[in-house]
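Engineer: First to last, the protein sequences are chains A, B, C and D.
For the first sequence, this note's numbering begins at 281 and goes up steadily by one.
For the second sequence, this note's numbering begins at 364 and goes up steadily by one.
For the third sequence, this note's numbering begins at 356 and goes up steadily by one.
For the fourth sequence, this note's numbering begins at 266 and goes up steadily by one.
Simulated from the structure, these hints should not be mistaken for lab results.
Please note that a few of the clues may not be correct.
Unchecked claim - Pairs of lysine to aspartate or glutamate, EDC-like flavour, derived with a Cα cap of 16 Å:
id: 1; chain 1: D; residue 1: Lys775; chain 2: A; residue 2: Asp352
id: 2; chain 1: D; residue 1: Lys779; chain 2: A; residue 2: Asp352
id: 3; chain 1: C; residue 1: Lys632; chain 2: C; residue 2: Glu368
id: 4; chain 1: B; residue 1: Lys528; chain 2: C; residue 2: Glu368
id: 5; chain 1: D; residue 1: Lys326; chain 2: D; residue 2: Glu268
id: 6; chain 1: D; residue 1: Lys488; chain 2: D; residue 2: Asp588
id: 7; chain 1: B; residue 1: Lys534; chain 2: C; residue 2: Asp394
id: 8; chain 1: D; residue 1: Lys753; chain 2: B; residue 2: Glu510
id: 9; chain 1: D; residue 1: Lys651; chain 2: D; residue 2: Asp739
id: 10; chain 1: B; residue 1: Lys534; chain 2: C; residue 2: Glu463
id: 11; chain 1: B; residue 1: Lys529; chain 2: C; residue 2: Glu368
id: 12; chain 1: B; residue 1: Lys531; chain 2: C; residue 2: Asp394
id: 13; chain 1: D; residue 1: Lys651; chain 2: D; residue 2: Glu687
id: 14; chain 1: D; residue 1: Lys753; chain 2: B; residue 2: Asp406
id: 15; chain 1: C; residue 1: Lys559; chain 2: B; residue 2: Glu403
id: 16; chain 1: B; residue 1: Lys534; chain 2: C; residue 2: Glu368
id: 17; chain 1: D; residue 1: Lys779; chain 2: A; residue 2: Glu286
id: 18; chain 1: A; residue 1: Lys311; chain 2: D; residue 2: Asp376
id: 19; chain 1: C; residue 1: Lys570; chain 2: D; residue 2: Asp376
id: 20; chain 1: B; residue 1: Lys531; chain 2: C; residue 2: Asp465
id: 21; chain 1: C; residue 1: Lys372; chain 2: C; residue 2: Glu391
id: 22; chain 1: B; residue 1: Lys529; chain 2: C; residue 2: Asp394
id: 23; chain 1: A; residue 1: Lys311; chain 2: A; residue 2: Glu402
id: 24; chain 1: C; residue 1: Lys559; chain 2: B; residue 2: Glu510
id: 25; chain 1: C; residue 1: Lys570; chain 2: D; residue 2: Glu300
id: 26; chain 1: B; residue 1: Lys531; chain 2: C; residue 2: Glu492
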Amino acid sequence: MTETFEPVIIGFTCNWCSYRAADMAGTARMKYPPNIRLIRLMCSGRLDPTFVLKAFASGADAVLITGCHPGDCHYVEQNYKALRRFQLLKRVLTQMGIEPQRLKLVWASAAEGAKLAEAITEHTEEIRALGPLNWPTGPNGFEQNKPEEMVVQEVTA
Amino acid sequence: MTAELSFSKEINNLMYASHGKPIKDCLQCGVCSGTCPAVEFMDHSPRELIGMIGADLKGDVLASNTFWSCASCFHCTVRCPAGIDIADMMYALKRYSIWKGQYQEGLIGPDFSEGFVKMIVNSGRSFEPILAVTYLPKFSARDLIQEAITATGLVLKGQMPLLPKKIKRLKNFQQMVRRIIPIGGTS
Amino acid sequence: MKPYAYFPGCSLESLAKSYHLSAIEVAQELGVELKEIEDWNCCGATAYFPVDELLAYTLVARNLAIAEKEGFLDFVAPCSGCYKNAYFTNAYLQKDQDLAEHINYALEADNLHFEGTMRVRHLIEVFIDDVGLDEIEKKVSHPLKGLRVAPYYGCQLVRPRKDDEDVENPQFFEGLLSAIGAEPVEYASKTRCCGGSLIITNRKAALDMVHKLLKDAAYSHTDVIATTCPMCNVNLEVYQNQVNQEFGTNFSIPVMYFTQIMGMALGIQPGRLGIGKELVYGATLRNM
Amino acid sequence: MSERIGVYVCHCGTNIAGVVNVAEVSQWAGEKLAESGVVVSRDYKFMCSSLGQELIQKDIKEMGLTRVVVAACSPHLHEATFRNACKGAGLNPYLCELVSIREQDSWVHTDKVAATEKAKAIISGGVARVTYHEPLEPLHVPIHPDTLVVGGGIAGIQAALEIADAGFHVYLVEREPSIGGHMAQFDKTFPTLDCSACILTPKMVQVGNHPNITLLTWSEVTKVDGYVGNFEVTIKKRARFINEDLCTGCGICQEKCPKKVIDDVFEAGLDTRKVVYTPFPQAVPNYPVLDAPNCTFFLKGTCKACEKFCPTGAIDFNQKDEDITVQVGNIILATGFDLFDARRIPQYGYGRLANVYTSLEFERLCNASGPTGGNIVLRDGKTAPKSVGIVHCVGSRDQNYNPYCSAICCMQSLKFAHLVHERTGAEVYNFYIDIRTPSKGYEEFYQRLLEEGTHFVRGKVAEVTDAARQSGEDGKLIIQVEDTLIGKQRRIPVDMVILSAGLEARHDAKEVGKLFGIACSADSWYIERHPKLDPVATMTEGIFIAGCAQGPKDIPASVVQGAAASARVMGKIQQKEVSLEPVRATVDQDRCSGCRICNNLCPFSAILFHEDTMVSEVNPALCQGCGTCVAACPAGAISGTGFSDEQILAQIEGLLLLNVKHLELVPG
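Please build the complete structure, drawing on both the sequences and the hints.
Structural biologist: This is the structure we're talking about:
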């Protein structure tokens, strides 16, 4: 099934830059794979690490975090906080036995529809190659059927 | 993934560790040419050469003496407003033309470089007199005499030793070199 | 001060003996301990990258790895070419893990491993930054009063740009010269290229570059040109006669390594600085 | 599920329906999402049309919908439309969610099946999310009618005058002793070549005399509290050592002051000024400033010549800095630019080679009221240049310095070329990469220069040197350049070189930005709310930007922005109150542990900590709703209205609903 494997990717966008970039990509009729499903936040700083873990827990194969370029945040500097959380998350995912490259961070300003489209295409291809997210099981992994627990564990950790 | 890589792409890829911007960012402003101390001796100015690469004029580029006239002084690199590492691009072109064995007739540069490499591979050190053998044949008679005069001058002044040095762990060293060459792909 | 890993480079064993001698002497005088690393190899110079980039990196990495193995912190090269190659190879390998992997695979053949712990320095940096101009000034016994010295930086000492250094109009060399009582010459082409290996591969071009350099130096009344690199020294000194023939000029500007000039100021006996081996010998110096 | 949700799928003509099987989607939503509370699902050609809206309103009324999900275009287009529609039908507008199946689906995908599936997922996400929406009311804040304008350059002057003329009060704060900004230093203005002072000084005088303008020069803003409509601003009025009530501006003190210092600001270092001085004759206000750090009395304790000769006893050596606090409703930042420091490009020789000038120096040099009375001469003060080289793009369009185009340099350089040509008859060479003249009358001016015989050399100058290599170069400045159009290396000897230095953001732009709570781009220019549709507003409500503070621009553009910003401000004042999107963070006092983690996260210092109750609270008017604190609160005590955890988590599940089912079907 890896041939026909189509990953599902959850994308978090910032209302002021990347969401508008997505709009722009649309208006310009740029093409990218339909695997991504976007969620609008007011700012990448709003991204609660729980959201990402939740996405994985509920069956997403990958997550794409997008925000304003460093220095361009509409809320002055909140995207830096997103950056820190992103790095933390990558570590957490590794500990959980999930390939960290399933989580990706991309800066895209409101004018960079093309860049966003590109990033989405790229990420989709990477994940296609990587295959579906299989919950690790066994002593140091987690049971496939109760991902919620893991979410709680990791967040408070 | 495309079967045929364009010439300009090939050169871009060759600038392996160059931390500069891609060649296509060139503004054609000419600051590189204006800066280059050897530009009068190039058949195409660095700016022109970059333009020619962009236009995929492979033949003309390889036939040019421009990159063999580059002294690697990096003055263009530090001044380029587009942040292109032009000196490194010249290296890339030298490598490319050596690999393809395509370069202007009568140039000393290629033989010199290869001679230099062979020598180091053999001894681990570079040594002028031996090196000379690789390039002197291409010198004009006049230059040869000049070279002789200078050389004897140096020897008399005790600046030129008469015996080459070799490094001690030459075996390992050559082993080491052999491990790289397949990756680099030199002849 | 901790001892420094000293990498003479090939030229200092042949063409640039006097640089080697004077460097050691001056370092000793200033209490800088230079320990030559064991069984080093050629750095690849500028002629190597044209053939195989990876191989060029490997050559340099081997020397760095040796120095690391011997437990040094600073890797010091007196030759600007060696310095530039070492500095950037070190930087690239530190940044690029894959590259480092390739290289380390090769280094295994000599039981070496590149870690990237070295700090690559040029000899002149060590004197200026670690010893310090004040210290040097204190040690000067024969200040070179009235000697107009043209500081010649050349290329590889300052270029390509590291961090935010001034690659067009640096000042540290001038500072050093003033510290030893000499008079630094302001001239147009102190960071202009001397032609480097073009002296072999493109003689015409190189001679033209040397000519322009000498012309600028002469134009600003230079007694002696101070160099930080064997290649520059050879081009400017040894080929001065050819320039004169080529362009009908009659330059006779002495060219010396900055260490030789420092040595004189520190009162080291000229013979021990390799002085007297120059092909061009200026009147001013003879009378010193 | 108690909510009654209506789903409305828009065809948008063929924009959506061309790729997404709209009918299938809406039917699927009606059936498969019934368990999530969907009671009706319809598709329609144009949902945004009045008929489409009535369709929704009818269902709300007749079927008692409590939530509405519209699947159409981007919320940035029609969110307001559909929210109002719901409002019209008596449903709280914030209970309506618009999800984009056009920009994010039909327009970017070609595979119809996949696109249709994605549309379903997007809608199911919207449905899941909307369930957790809560009725909200926009926040209303009263607007104080006064305005603060920071910066007395042409942009600030324009803004201040527009507002003042409309009958509202303005505080105009300027750092220098006089208003006028850079424009006051110029001689002529392109492309019309009318005299800068002649068109600027009348405006300056108007500002000085305007009953609605409080002019505070030699002053700086030190503190900004409050929020849109209700800012409290502290202004530091630096001691002038002049009693402004007594001073008549007669200028005797200036005349009698025995000490001269280099004037680095107004004369760009080309001339001197007294220690007691007005920067230029037409200065507004016209009373002088005493530059204490250079004053002999302050340094040595003697002199006081100014005091002796002042006819009105206006000199006051005991004057101290004072802090003034003002209340304003809106703020316009017109803080202008700094000139790129040409010393940063040593190879151009500025500061090393005497006859290399910066653009600003040249402006003074050819200014009738400048140090040479408008005579274009070399540094020796007498020799007129026979040839002049003008270098474009100095510090601009260059990765080593500033990557952006400074916008004004081309026209400025052409102006210089014209003035040199006109006044000295010298040969003029322009060295350019590209000539950019994209504005009314600009290209015509370029034409005129070509006709005047100015030489144009296309090539970025490599270096300027005094080292002569060929005959005819002795004693000249040689410009080394490749003439890229003929592919030749040229060394052009000239007597004078003018560096058309680029514009940079003020050195302290970042700090000032922080002070007012607005963001800077990587180049430190202030970021506008929208580059096209909202160019003078910022992300902080009530704070506007105008002129070069927002980016390099010429005088006409600065004036336009000054006027535009004032129009936006007057609009706000007229509204008497602003209504703010209720996207805000709120702290659940009972759950807050008082850890204060959130306190430092907020860039708008909207979170205050109650020492007494040991809990944090968010000031709804200061909060901009970014939600960073919400995400950071370890106790989960902060919730973000409109973007609550419940809503986002639900949307994630909704989006993946299809997928989860799919996983169940496919084994492994």
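Engineer: Now tell me if each hint is right for this structure.
Structural biologist: Tested hints:
Taken as a hint, the Lys775 of chain D and Asp352 of chain A pair is honoured in the structure, with Cα atoms around 12 Å apart against an allowance of 16 Å. Restraint check for Lys779 of chain D and Asp352 of chain A: satisfied, since their Cα atoms lie roughly 13 Å apart, inside the 16 Å limit. For the hint linking Lys632 of chain C to Glu368 of chain C, the alpha-carbon distance of about 14 Å falls within 16 Å, and the restraint holds. At most 16 Å may separate the alpha-carbon atoms for a hinted pair to count; Lys528 of chain B and Glu368 of chain C meet this at roughly 9 Å.
In summary, the hint linking Lys326 of chain D to Glu268 of chain D is supported, as the alpha carbons are separated by about 15 Å, within the 16 Å threshold. Under the criterion of a C-alpha separation no larger than 16 Å, the hint pairing Lys488 of chain D with Asp588 of chain D is consistent with the structure, at around 10 Å. Taking the CA atoms of Lys534 of chain B and Asp394 of chain C, the gap is near 12 Å; set against the 16 Å cutoff, the hint holds. Taking the CA atoms of Lys753 of chain D and Glu510 of chain B, the gap is near 33 Å; set against the 16 Å cutoff, the hint is violated.
The straight-line distance between the Cα atoms of Lys651 of chain D and Asp739 of chain D is roughly 14 Å, inside the 16 Å bound, and the hint therefore holds. Only pairs whose Cα atoms come within 16 Å are accepted, and Lys534 of chain B paired with Glu463 of chain C is accepted, the gap being roughly 13 Å. With a CA separation close to 12 Å, the supplied pair Lys529 of chain B and Glu368 of chain C stays within the 16 Å bound. A C-alpha spacing of about 6 Å is found between Lys531 of chain B and Asp394 of chain C, which places the hinted pair at or below 16 Å, so the restraint holds.
Note on Lys651 of chain D and Glu687 of chain D: the hinted pairing holds, with a Cα-Cα distance of about 12 Å set against a maximum of 16 Å. Distance check on the hinted pair: Lys753 of chain D and Asp406 of chain B sit about 11 Å apart at the alpha-carbon level, within 16 Å; holds. Our distance criterion of 16 Å between C-alpha atoms is met by Lys559 of chain C and Glu403 of chain B, whose separation comes to about 10 Å. The hinted pair formed by Lys534 of chain B and Glu368 of chain C fails the criterion: a straight-line CA distance of about 22 Å is larger than 16 Å.
With a C-alpha separation of about 45 Å, the suggested pair Lys779 of chain D and Glu286 of chain A falls outside the 16 Å cut-off, and the hint is violated. In summary, the hint linking Lys311 of chain A to Asp376 of chain D is supported, as the alpha carbons are separated by about 11 Å, within the 16 Å threshold. For the given pair, Lys570 of chain C sits about 71 Å from Asp376 of chain D by alpha-carbon distance, which is inconsistent with the 16 Å threshold. For a cut-off of 16 Å, the pair hint linking Lys531 of chain B to Asp465 of chain C stands: about 11 Å separates their Cα positions.
The straight-line distance between the Cα atoms of Lys372 of chain C and Glu391 of chain C is roughly 15 Å, inside the 16 Å bound, and the hint therefore holds. Taken as a hint, the Lys529 of chain B and Asp394 of chain C pair is honoured in the structure, with Cα atoms around 9 Å apart against an allowance of 16 Å. A C-alpha spacing of about 12 Å is found between Lys311 of chain A and Glu402 of chain A, which places the hinted pair at or below 16 Å, so the restraint holds. At most 16 Å may separate the alpha-carbon atoms for a hinted pair to count; Lys559 of chain C and Glu510 of chain B meet this at roughly 14 Å.
Of the pairs offered as hints, the one joining Lys570 of chain C and Glu300 of chain D is violated, with about 90 Å between alpha carbons and a cut-off of 16 Å exceeded. This hinted pair does not check out: Lys531 of chain B and Glu492 of chain C have alpha carbons roughly 41 Å apart, beyond 16 Å.
Hint violations for this structure: numbers 8, 16, 17, 19, 25 and 26, all remaining hints satisfied.
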